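*Asks:* One letter stands for each residue in the lines below.
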Amino acid sequence: MGTRRIREEGLRVSSTTEQTRRTAPPQRPGDRVFGGLSLGAALLILATLAGVAIFLTVQGIPGITASPEEVKYDTTFLRYVGPLVFGTLWAAALALVLAAPVAIGVALFISHYAPRRLAQPIGYVIDLLAAVPSVVYGAWGMVTLAAAIQPVYLWLEEHLGFIPLFAGPASATGRTILTAALVLAIMILPIMTAICREIFLQTPRLHEEAALALGATRWEMTRMAVFPYARSGIVSAAMLALGRALGETMAVAMVLSASGVISLNLISSTNPSTIAANIAHSFKEASGLTVNGLIATGLVLFVITFAVNFAARAIVDRRKEFSGAN
Amino acid sequence: MAKSIDVTDLNIYYGDFLAVQDVNITIPARAVTAFIGPSGCGKSTFLRSLNRMHEVIRGAYVDGKVLVDGEDLYAQEMDPVNVRRKIGMVFQRPNPFPTMSIAENVLAGQRLNSKRMKKSEADDVVEQSLRRAGLWAEVKERLDRPGSSLSGGQQQRLCIARAIAVEPEVLLMDEPCSALDPISTSVIEDLIHELKNDYTIVIVTHNMQQAARVSDQTAFFNLAGVGQPGRLVELGPTEKMFANPDDPATEAYIQGRFG
Amino acid sequence: MTTTLTRPAPSELGADLRGRRLPTWGPTTVWSLAAATAVVGLLTPVGLARGLVLAWFVAALVPAWSFVVEGRRKATDRVVTHLVASAFVLALIPLVSILVAVVGKGSSALSAEFFSYSMRNVVGEGGGIYHGIIGTLLITAAASVISVPIGLFTAIYLIEYGDDSRLASSIRFLVDVMTGIPSIVAGLFAYALFVLFFGEGVRMGVGGSVALSVLMIPVVVRSCEEMLKLVPNELREASYALGVPKWRTIAKVVLPTALAGIVTGITLAIARVIGETAPLLIIAGMTDSVNFNLFDGRMQTLPVFTYSALMNPGVPAEPSIERAWGAALVLLLIVMALNLVARLVSHFFSPQGER
Ligand SMILES: Nc1ncnc2c1ncn2[C@@H]1O[C@H](COP(=O)(O)OP(=O)(O)O)[C@@H](O)[C@H]1O
Ligand SMILES: [Mg+2]
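Residue numbers (our numbering), protein chains in the order written: chain A, 64 to 389; chain B, 307 to 565; chain C, 149 to 503.
For reference, chain A alone in the conformation it holds in the complex (with noise of 0.2 Å):
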């Protein structure tokens, strides 16, 4: 062979670093900075997480200590800050309810009731409802949505006014927070539907014959096999949809004409606000401590959904190490 002895070089790296573990081999410079690179980028984003919480907990101190004097809004933090708590967990469950069925059945569509062909692509098409930007979604419920649901909110309050929530009076415009909960509701259902179906389907195939194997219907079987299985995977999709709907600015934003009241009447025009949507309304015009009050808002707003998604993720984590399925 000619090209034999292409590189004249022996095993022994010429280096002068005396190692101590044996284990260890001699790392390269190339290895040291790539090695290094990437645990940086890794340490980055815990920095990046402590850095949320340290700059948001600076800035919003000086918001919760602020007299109502010096601030536009008038009022001591707390009280500022409970109606908008009220609304955002409010706006969020009610979302919640309306999603997570449909989210479900969409799953369970998906994963064992549609023809194995038509799966994929329908997949896709729920996925595309997750594409569409926020604002889209605000300006469709603001404007669509909200004249054409309006004449249900008049039926509501005029046949089941009785019940509280639909006391009226029914809001002219039908931008109520029951409009924006249904934007919000179908903003979530895909990440609830996409989490769900992952889970469906790895119901273990032994389980779902066995069942079908006693003779039980599609539905017994799912009853049977699936329901169990999925069980904590679907409370931890709700949460993580939850947190989600926690935090959704624009959807709220644009759809609510807010008014601050703590109110469960949901087709009147006198809604809560979220923090989230008011801080978009407010921001611009803010200034001072003002400002600091606002972020102090958000601080509250990252720690109820730093606690859900916290929660849903130790939940699915946990599942993880018991099921077995990764």
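Please keep in mind that the hints were generated in silico from the structure rather than gathered at the bench. Keep in mind it's a predicted model, so treat the numbers as computed, not measured. Among the hints, a few may not be true.
Computed footprint of chain C on chain A; a stretch qualifies when at least three of its residues, placed anywhere within it, have a C-beta under 8 Å from a C-beta of chain C [claimed, not checked]:
1. 100 to 111
2. 137 to 145
3. 149 to 158
4. 223 to 232
5. 279 to 286
Every residue gets a Cβ at the ideal spot worked out from N, C-alpha and C, and that includes glycine.
Given chain A, put chains B and C with the ligands in place with the hints provided.
*Replies:* Same frame as chain A, now just chains B and C with the ligands:
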């Protein structure tokens, strides 16, 4: 060029688990040494410890000496990367790089290390390596097709070409034919015969006939018992090992009574 | 396992095996009828909404019929089929309605002027979204420049270096949690950070990029991680066995093999943040003029343009509202195009054998 390997008192661990215990063996240069033994007795593990591929696995380490031409592979100042350039390896399943053409696969050892080569020199390496691997005639018209477009047997020969293109002194093969059809297998066995003129070859095989056909020396590994580490039971010239081995376990295994 | 299965009496077994079932054409016919009802609703004064409700009831005839012919258990099964299929149709309604609304209201705004003029000194009709397009492109590009290296290297750490170490699994967990940070919080974070350096009321394009990065990084990490995981370990080993150091193996074997997937993931991440409004509202602000400098003052973007043109249309309102829908349409088209590109890349550029 080809080097002999002397292994003394080698213990091989996966974390706390001792997989292979107390191996002492001499692998001569320019000869084929076959490792046989039942599944899980540590043949692959031992093979991989001969070019420090073992430690790629997290928590895995060895203890003992592996001398190649008098130099201990596991000495402090030894760089595993350089060790692997000198001691090449062919795996059980053909694994050409899917993003590279046939020619690029052959040159992978050089290219991945950003070695500068003249075009003519590179072409030369490609042709020589493919010729030695017995693949040249079949692929010379389509060197720029992806490596994955070849058949399984061709892919395995491509992997052999790739391994010898970096000019190793030893070639380790871990069941190189177990994923191949009989025809490709016999092509590769012929190839091993050719290659042993230049290289020290170690081959793990599950196939007794193959061991008998290709090897000069055979080593039989076995587990002392369930949960026990694997050990080298017997080593000897292939003819003797197959005709009248010293150890009854070897005889039982070779005659197909277990494993 | 709470269901008790009713076991047929032995004498009925033969009949039961043959079964009393709906004819195969039965459900299909009913469903076609239901679809026809919906179409008729769409084309006549009845309206699509009422048509769909009617269609729902028509389709509900399948379980009813099944109850009569096949008995309770099969009918229950068909009720569930009816319900999950309705859930899917229900989920389609907003999607279609959004597309119709945005295309219907937005397409009349599109013109050459719309794409090439800003809103500087425009009152009433005319003007365009040039400044918003520029801002969106610059801010998103800068966000990608920040997020892609950080996200990719983190994924490399998680897969190639961290393995199952304590640090790696906690980073994995926190990245997951980070995907849930509300976008407005990301905006406030960028503001709180930039206030330290530039003082109160800071508005800056690059601040928007930082905020978007907070949202984008976890998405990039997750998708890159998935893609690196798909690279077979055999390829890494093949490379090590050739005497290639780990970092070159990652850079020249692992990354190229995963490239299509990584590009897909990054494209989807871009598609996700390019439509973000809230953080940009906070930190990038809004303006009527073109601004090419990420480090100098307010910068308009398409989503913020849509928001403000719709919420504060001024007088007369109609031209502004039309522009808002036009901008929404352009934004939607950009996002859909990015999604399409992502799918095409993953379809056509994946190495063979792992599509
Ligand atoms: N990556 C690994 N981690 C932990 N244990 C391993 C690993 N690979 C192999 N082993 C264990 O080492 C022993 C020897 O395995 P191996 O060398 O693959 O056997 P053979 O190749 O002879 O079939 C087995 O008990 C196996 O379970
Ligand atoms: Mg093996």
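*Asks:* Are three or more residues of the segment 137 to 145 of chain A within 8 Å, CB to CB, of chain C?
*Replies:* violated (count 0)
*Asks:* Given as covered by chain C, does the segment 223 to 232 of chain A meet the bar of three residues or more with CB within less than 8 Å?
*Replies:* With 0 residues closer than 8 Å to chain C, the segment 223 to 232 of chain A misses the three-residue bar; violated.
*Asks:* At least three residues with a C-beta closer than 8 Å to a C-beta of chain C: is that true for the segment 149 to 158 of chain A?
*Replies:* Check failed, 0 qualifying residues.
*Asks:* Between the segment 279 to 286 of chain A and chain C, are there enough contacts, at least three residues with CB-CB distance under 8 Å, for the coverage claim to hold?
*Replies:* holds (count 7)
*Asks:* Just to make sure I understand the rule, a stretch counts as covered if three or more of its residues have a C-beta closer than 8 Å to a C-beta of the chain. Does the segment 100 to 111 of chain A meet that for chain C?
*Replies:* holds (count 10)
Going through the hint list in order, the structure does not satisfy hints 2, 3, 4.
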